[in-house]
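Novice: What follows is the residue order along each chain.
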Amino acid sequence: MAEPVPTVIADDVNIIYKVIAGQGGKGTAATAFRRILKRQDRPTIREVHAVKNVTFTAYKGDAIGVIGRNGSGKSTLLRAIAGLLPPASGAIYTGGQPSLLGVNAAMMNDLTGDRNVVLGCLAMGMSSAEIASRYDEIVEFSGIGDFIDLPMSTYSSGMAARLKFAIASAKTHDILLVDEALATGDAEFRVRSEQKIKDLRAEAGTVFLVSHSLDVVLDTCNRAIWLDKGVLRMDGDAREVVQAYTHETTANR
Amino acid sequence: MSNAAGPAETVDLAALAERHGLSRSSARPPLGGYLRELWGRRQFILSYARARTYAMYAGARLGSVWQVLTPLMNAGVYYLAFGVLLGTKNGIHNYAAFLICGMFVFTYTQRSMTEGSRALALNLSLIRTLHFPRATLPLAYVVNELNQMAVSMGILFVLVGVTDGFAWRWLLVVPALVLQTMFNLGMTLIFARIGTFVSDISQLLPFVTRTWLYASGIFFSIPDKLADLDAPGWVIHLLSLNPISAYIDLVRRALLDDHSRHALPNAWPIAAGWAVVVLAGGFVFFWRAEDRYGRG
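Top line first, the protein sequences correspond to chains A and B. Counting in the numbering used here, the first sequence runs from 79 upward without gaps. Counting in the numbering used here, the second sequence runs from 14 upward without gaps.
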């Protein structure tokens, strides 16, 4: 058997980012001046060590479920793979440009769904001719129907998620990163998008899927990564990892 | 199997990545490649600019009529304040055209800067969703302002046409605006980067631009003012280095009949120099942070 081709390599990755953490001090002009005079850093800024020494290699045809509790660094890891959040140390190597698909990813809310389709595709680097030929397919896949002529601000969160997924999956990606984007859709859409992920895997792409629905992970992924407080706890066959994960979460109860 | 890895495996992974031609995910592309990528997205820049214009006026009853009304009303207010109430027009033939030339040219650069400083901050969600060269956003903002400038220029042509009549030197407006647009692109890229990392800049910019407004000879003629004050000869050369003054002067030379008396020295070379330096510098400045936009 030929050597499997790696598509994503994470090499001892650490990610630290600064966050503005709620209220610190009274937040008045006087306190702000005192802070500047004393040369203090803004008290509200805290460093978060979100991902700690994570190493793994993903191969062509892999669909990898990323599981873990809220705040364990799953989304952060995905954003780092997408190249949107550079690691503090270590390196992430990717073949081709990964695309990240998340729930809070908004397009332009004042514009109609139809214009968002065109803009989104142009931003991904598709040509006008390509968009014209794929347009019907995208709208059909999103299942938005007549709402496509209305501004996106009128869409429900589920509808917006459907449209975004449809746009992002219009292009063939070598690496697709899906961050909970399927959670808001209805059952019918979930089936369709799971099919799309399977197709993508079959085309020898690599899919990363962050999900709290373990069934979805079991259905669509062959492999899973378990993150716990930023540390990689387990990496292996999807069924085994999910089993170990459920074992621990139920044991802790 | 992974966490206990020693340095040996680290070397291995980097080598494995290189063997299969993988690249670092958050590395910024080389300058040439970045330019090519940008050129590939020119359709996106235009569509995005158009969509933004549409969204901007979508809620207003008069719609994009405001594109014409806003500069007209601006010109009216400044004419009332400086031409009528303060009586600054001394000795300038067709003061209304003189003033409005200055206002429109200035507004073009000012808006490019202030809007540009928010170009990335307002589009964070788009940046975090899709991968595209980030410079497309500030560039689209300048396209918007250029579009507005074209409308304003149309108004100015009508005004000067009615008062002074058409002349062939009007055509010089085109190279003048090309140079100014280059300058604005550079400024927008610079402030887009600064505004992303230091959001305080959007509080500060209005004061900077307002100071610039009063120093650029928009309401009065700089040479006349200096002659009144008996200033030494080098002062005019110093003040002429102000890029805004140069761009305003070029448009005035093209449109106004009697402007040679008030013209600034060396306006063309100064305007061209600023355009090239600021565009090239601004582009490189913006590109150097390409891998950091949208972080946090």
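No wet-lab data here; the hints were simulated from the structure. Hints may contain errors.
With a straight-line Cα cutoff of 20 Å, these simulated SDA-like cross-link-like pairs (lysine to any residue) come out [unchecked claim]:
{"no.": "1", "chain 1": "A", "residue 1": "Lys-96", "chain 2": "B", "residue 2": "Arg-266"}
{"no.": "2", "chain 1": "A", "residue 1": "Lys-138", "chain 2": "B", "residue 2": "Arg-37"}
{"no.": "3", "chain 1": "A", "residue 1": "Lys-96", "chain 2": "B", "residue 2": "Arg-32"}
{"no.": "4", "chain 1": "A", "residue 1": "Lys-138", "chain 2": "B", "residue 2": "Arg-32"}
{"no.": "5", "chain 1": "A", "residue 1": "Lys-138", "chain 2": "B", "residue 2": "Ala-28"}
{"no.": "6", "chain 1": "A", "residue 1": "Lys-138", "chain 2": "A", "residue 2": "Lys-274"}
{"no.": "7", "chain 1": "A", "residue 1": "Lys-138", "chain 2": "B", "residue 2": "Gly-34"}
{"no.": "8", "chain 1": "A", "residue 1": "Lys-249", "chain 2": "B", "residue 2": "Glu-31"}
{"no.": "9", "chain 1": "A", "residue 1": "Lys-138", "chain 2": "B", "residue 2": "Glu-31"}
{"no.": "10", "chain 1": "A", "residue 1": "Lys-96", "chain 2": "B", "residue 2": "Ala-134"}
{"no.": "11", "chain 1": "A", "residue 1": "Lys-96", "chain 2": "B", "residue 2": "Gly-34"}
{"no.": "12", "chain 1": "A", "residue 1": "Lys-96", "chain 2": "B", "residue 2": "Val-211"}
{"no.": "13", "chain 1": "A", "residue 1": "Lys-130", "chain 2": "A", "residue 2": "Asp-313"}
{"no.": "14", "chain 1": "A", "residue 1": "Lys-96", "chain 2": "A", "residue 2": "Glu-81"}
{"no.": "15", "chain 1": "A", "residue 1": "Lys-130", "chain 2": "B", "residue 2": "Gln-56"}
{"no.": "16", "chain 1": "A", "residue 1": "Lys-138", "chain 2": "A", "residue 2": "Asp-252"}
Computed far set for chain A versus chain B, every beta-carbon distance over 12 Å [said to hold, decoys possible]:
{"no.": "17", "residue": "Ser-150"}
{"no.": "18", "residue": "Arg-193"}
{"no.": "19", "residue": "Ser-205"}
{"no.": "20", "residue": "Ser-289"}
If you only want the chain A side, here are some residues facing chain B, beta carbon under 10 Å, derived [claimed, not checked]:
{"no.": "21", "residue": "Asp-90"}
{"no.": "22", "residue": "Gly-198"}
{"no.": "23", "residue": "Ile-245"}
Every residue, glycine too, gets a C-beta built ideally from N, C-alpha and C.
Novice: Does each hint fit the structure? Answer for all of them.
Specialist: Consistency of the hints with the structure:
Under the criterion of a C-alpha separation no larger than 20 Å, the hint pairing Lys-96(A) with Arg-266(B) is inconsistent with the structure, at around 52 Å. Distance restraint check for Lys-138(A) and Arg-37(B): the Cα-Cα separation of roughly 17 Å lies within the 20 Å cut-off, and the hinted pair is therefore satisfied. In summary, the hint linking Lys-96(A) to Arg-32(B) is not supported, as the alpha carbons are separated by about 35 Å, beyond the 20 Å threshold. Restraint check for Lys-138(A) and Arg-32(B): the C-alpha separation of about 15 Å stays at or below 20 Å, so the hint holds.
A distance of roughly 18 Å separates the Cα atoms of Lys-138(A) and Ala-28(B); the hinted pair therefore holds under the 20 Å criterion. Distance check on the hinted pair: Lys-138(A) and Lys-274(A) sit about 16 Å apart at the alpha-carbon level, within 20 Å; holds. Note on Lys-138(A) and Gly-34(B): the hinted pairing holds, with a Cα-Cα distance of about 14 Å set against a maximum of 20 Å. Between Lys-249(A) and Glu-31(B) the CA atoms are separated by roughly 26 Å; this puts the pair beyond 20 Å, and the hint is violated.
Annotation: proposed proximity of Lys-138(A) to Glu-31(B) holds, straight-line Cα distance about 16 Å (limit 20 Å). Between Lys-96(A) and Ala-134(B), the direct Cα distance comes to roughly 17 Å. Compliance with the 20 Å bound is thereby established for this hinted pair. Of the pairs offered as hints, the one joining Lys-96(A) and Gly-34(B) is violated, with about 32 Å between alpha carbons and a cut-off of 20 Å exceeded. Taking the CA atoms of Lys-96(A) and Val-211(B), the gap is about 14 Å. The hint holds against a cut of 20 Å.
Straight-line distance between C-alpha atoms of Lys-130(A) and Asp-313(A) comes to about 15 Å, which keeps the hinted pair within the 20 Å bound. Distance check on the hinted pair: Lys-96(A) and Glu-81(A) sit about 40 Å apart at the alpha-carbon level, beyond 20 Å; violated. Between Lys-130(A) and Gln-56(B), the direct Cα distance comes to roughly 41 Å. Violation of the 20 Å bound is thereby established for this hinted pair. Under the criterion of a C-alpha separation no larger than 20 Å, the hint pairing Lys-138(A) with Asp-252(A) is consistent with the structure, at around 9 Å.
At roughly 15 Å from the closest C-beta of chain B, the C-beta of Ser-150(A) stays outside 12 Å, upholding its exclusion from the interface. Consistency note on Arg-193(A): stated as away from chain B, yet its beta-carbon is not over 12 Å from all of that chain's, at 6 Å minimum. With a least beta-carbon separation of about 7 Å from chain B, Ser-205(A) fails to lie farther than 12 Å from that chain, contradicting its non-interface assignment. Every beta carbon of chain B lies more than 12 Å from that of Ser-289(A), the smallest distance being close to 18 Å; the non-interface claim holds.
For Asp-90(A), the shortest C-beta to C-beta distance to chain B is roughly 6 Å, which falls under 10 Å, so the interface hint holds. Because the beta carbon of Gly-198(A) sits about 7 Å from the nearest beta carbon in chain B, less than 10 Å, this interface hint is met. Because the closest C-beta pair between Ile-245(A) and chain B is about 9 Å apart, less than 10 Å, the hint holds.
Violated hints, in rising order: 1, 3, 8, 11, 14, 15, 18 and 19; the structure is consistent with all others.
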